[in-house]
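> Using the hints, position chain B against chain A.
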Amino acid sequence: MQDFSFLTTWLDNSLRSIMPGWLSVTVECLLVGVGLLLVYALLALFYIYYERKLCAAFQCRLGPNRVGPWGLLQSFADMFKMLIKEIIHLNHIDRFLFALAPYLVIIASMLAFAVLPWGNGLQIIDFNIGIFFLIAVSSIGVLGILLAGWSSNNKFTLIGSLRSGAQMVSYELSIGLSVITMVCLAGTMSVGGIVQEQENLWFIFKGHVPAVIAFIIYMIAGTAETNRGPFDLPEAESELTAGYHTEYSGMHFGFFYLAEYLNLFIVSGVASLLFLGGWMPLHFPGWDAFNHIMDYIPSVVWFIGKAVLLSFVIIWFKWTFPRLRIDQLLSLEWKYLLPINLVNLVLMVLIIVNGWHF
Amino acid sequence: MANITDKIVKLFPDATVVEGNDPMVTVADSRWHDLAALLRDNEELKFDYLVTIVGMDWTEHLGCIYYLMSTEYNTVVGVKVLAEGTRETPYIHSVADLWAVAVTYEREVFDFFGIVFIGNPDMRRLFLNLDWKGYPLRKDYDEDPALNPVSTESERQTDFTDVYSLDENGNVQKKEVRVFEKDDFVVNIGPQHPATHGVLRFRTAVNGEEIKKIDLYCGYIHRGIEKLCENLAYPQTLHFMDRMDYFSAHNYHHALCMLIEKAAGIEISRRAQVIRVMMDELSRIASHCLFIGTYCMDLGATTMLFYALRVREQILDIMEKTCGARMTFNYECIGGVMQDLAPDFVQDVKALLEVLPKNIKEYNEIFTGNVIARNRMEGVGVLSREDAISYAVTGPSGRASGWACDMRKLFPYSIYSELDFEEVVMTEGDSMARFKCRMREMEESAKILAQLVDNIPEGEYCVKVPKVLKLPVGSWFQLTEGCRGAFGLYLESDGNTKPYRLKIAPPCLPQAAVVDHITRGQKIADLITIGGSMDYIVPDIDR
Chain A
-7 MQDFSFLTTW LDNSLRSIMP GWLSVTVECL LVGVGLLLVY ALLALFYIYY ERKLCAAFQC
53 RLGPNRVGPW GLLQSFADMF KMLIKEIIHL NHIDRFLFAL APYLVIIASM LAFAVLPWGN
113 GLQIIDFNIG IFFLIAVSSI GVLGILLAGW SSNNKFTLIG SLRSGAQMVS YELSIGLSVI
173 TMVCLAGTMS VGGIVQEQEN LWFIFKGHVP AVIAFIIYMI AGTAETNRGP FDLPEAESEL
233 TAGYHTEYSG MHFGFFYLAE YLNLFIVSGV ASLLFLGGWM PLHFPGWDAF NHIMDYIPSV
293 VWFIGKAVLL SFVIIWFKWT FPRLRIDQLL SLEWKYLLPI NLVNLVLMVL IIVNGWHF
Chain B
91 MANITDKIVK LFPDATVVEG NDPMVTVADS RWHDLAALLR DNEELKFDYL VTIVGMDWTE
151 HLGCIYYLMS TEYNTVVGVK VLAEGTRETP YIHSVADLWA VAVTYEREVF DFFGIVFIGN
211 PDMRRLFLNL DWKGYPLRKD YDEDPALNPV STESERQTDF TDVYSLDENG NVQKKEVRVF
271 EKDDFVVNIG PQHPATHGVL RFRTAVNGEE IKKIDLYCGY IHRGIEKLCE NLAYPQTLHF
331 MDRMDYFSAH NYHHALCMLI EKAAGIEISR RAQVIRVMMD ELSRIASHCL FIGTYCMDLG
391 ATTMLFYALR VREQILDIME KTCGARMTFN YECIGGVMQD LAPDFVQDVK ALLEVLPKNI
451 KEYNEIFTGN VIARNRMEGV GVLSREDAIS YAVTGPSGRA SGWACDMRKL FPYSIYSELD
511 FEEVVMTEGD SMARFKCRMR EMEESAKILA QLVDNIPEGE YCVKVPKVLK LPVGSWFQLT
571 EGCRGAFGLY LESDGNTKPY RLKIAPPCLP QAAVVDHITR GQKIADLITI GGSMDYIVPD
631 IDR
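Protein chains in written order, with my numbering: chain A, -7 to 350; chain B, 91 to 633.
Hints may contain errors.
If you only want the chain A side, here are some residues facing chain B, beta carbon under 10 Å, derived [to be verified]:
(1) K147
(2) I318
(3) Q320
These are calculated hints, taken from the structure and not from any lab test.
Computed from a predicted model, the values in this text were never measured in an experiment.
Heads up, the beta-carbon is just placed ideally off N, CA and C, and yes, glycines get one too.
Extracted from the complex, chain A is given alone in its bound form:
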């Protein structure tokens, strides 16, 4: 299997040979930061195009097809438009918090990128509580949404952010519990460790029944975490016009917009990490020839491919289902998902203790 770590080690060594250690670390950090920004922007543009094309297909339309071949440049044009749009300054708002909110949202999704397993040896930071870090930073996003709704001094945004707060806090429980279920199976919280554990078999196969249950719950809760339909109550356009970001314009709105798509990628990325092996190719114990062929596909392709495929499912939800109501949303979490999750965790532990997994 191709290992990208030779690239990073070579870079590190050559930098250290020409400059002191602290400087080389700074340069590496800068390089990673720029690379991350680039990936971030490109992914967002891809996702906008991806969703628009998919949604068009569900709705018997063609979707963007005028700007560039097959409309490929459409999302670039959109983003450029967003960049040059005027940011409207409002009176009667809390200016500092109003300006801070979109950055909090985008920082939260940016930080989560640091621990995603992009490929073999292509992880930005791999430490022993990686998955814990990921859950922690992705909860910062809700702060941004609450601030946005509150500082706008508007009744719609306030209701939107209150909904969002209730929703995020509730569904984080489900995400956390299904992650814990899988961490039990992996025996480690390190992202690299979780991927390595799936070398022989992906967790969704290895953990069979509880893993599948955890996967389904994770996908539901993950959709809710990203505020996407059918859980898009905080921005339910037919009720609250645009919810918490009603008052935002220009690039500030663009940040919320970008963060939504990037969160979609992060949620599907984490799902692929926990259940589908991260960057690990599809391996079955005993099928050596098959496993060997799978290894020829680069690990980056595996990871992004899985994430995009899972995103397809989430986008499919959005364009098929009607929206839930706030009380139904909360009762789904507290009355169904949470108890199922707890039982599932016990089940998983029993299976691990007795060695009933594959």
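Chain B in isolation, oriented as in the chain A frame:
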């Protein structure tokens, strides 16, 4: 029909019969409330449905004609009440305690005629600005634009409403009352809001996510159609019918044409009648399709909109070929229809009838059976049959509450009596029932089309009518079925080429007025569900 007035006079000797085309009685204002209570509660009369209140200015008197219908005996009667007091402060006693919809209807009369209703709990203007000068439908109204200039400032608002009462000396007393409580958190849903389907405004007092009270605020698209009609010749008044409920353009056109033809004694050809009915039913399918699409979109299922619009597009194409327009068709005219059918009309309708059942099946598969959709709609916004009648909620929304109010069945007009179709009546009264009711009505309309498409008789599509049309002196009232419910028209003629008074009673105003009643205590999201399921069209409310 004549015996109903005799019966009323026998039971209530203070009332007298008014001779005319339709059964009508008259009573003095002081006895009016007693007569109203008798009309509603007497076992032999049971006039439980207040169709409309026609405000009138007969120059020497102001007054109202109340049109009442008995849902049990299927009879309609008009009650004429002259206003007491001077022309500056005319008053009539309110019947808002007997028929819930009267609160709104009386506000409308107050807005246009300045007649104050004693005892109405909410006597504000309904459509015009708070500071509008004059009462536009009075015959002595001053139309000078300098009196009511276009305001360059924000619209004036008030949190108060007026309640009028009579003191011992018979003088009208005014009292200010708050619309909302003092510390209510009031959210404006509208006038610019995606879910109000037009410029309608609900001032919504909420307690967290729960709705405490809704204040309906309309008039943003009020064009004064009734006033405009008084200055136009009969054929000219027709085109306004396209511009109220623009999805029932054919139905409304049909209704007014029929009323004028009835008044003028014009007999139209069978071909024209068949064409009109087919257009009505095509409109109904297109309208219900749009309802399904926008309603699902309100609930967050955007994809359904496109599925529903596919069928609607097909119908609009048929209309375009024949009428030359996709909206505001202006197709029916006095004496028949404007143009003959397009050559491939029959073929196109057959193609539509072929795809429609498949589409309805698809809608049911993707949406009606969906567990989220069912949770959102079932048991939400339940309207009982009694309330539906009291609030005058007609059309599919009323039929979903178990009230068989299809005017095509109750007062069969045109060729409807010969057609075989079922009136869809459901009993649940919730949003789901209103949704399903429309779904099934599409099937019934398709059934009507299937019966007619091969039987369009030959003949002229428009009979000759005099160039200058004068109607005899008299008044006529007629109820027909629009896509959204009972569409009432009252026409009074003084023998001229222009109507003396043309009152339009649209189905959508009561449907919007009932929203407050059924949303109390529900969630904000339910307001969208309920409002959407009522399927009101704002230009139809405001006129």
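> Can we keep the K147 of chain A interface hint, with Cβ of chain B closer than 10 Å?
Cβ of K147 of chain A sits 5 Å from chain B, so the hint holds.
> Is the hint on I318 of chain A kept, meaning its closest Cβ partner in chain B is under 10 Å away?
5 Å, holds
> Just to be careful: measuring from the Cβ of Q320 of chain A to every Cβ in chain B, is the smallest value less than 10 Å?
6 Å, holds
Going down the numbered hints, you'll see the structure goes against none, and every one checks out.
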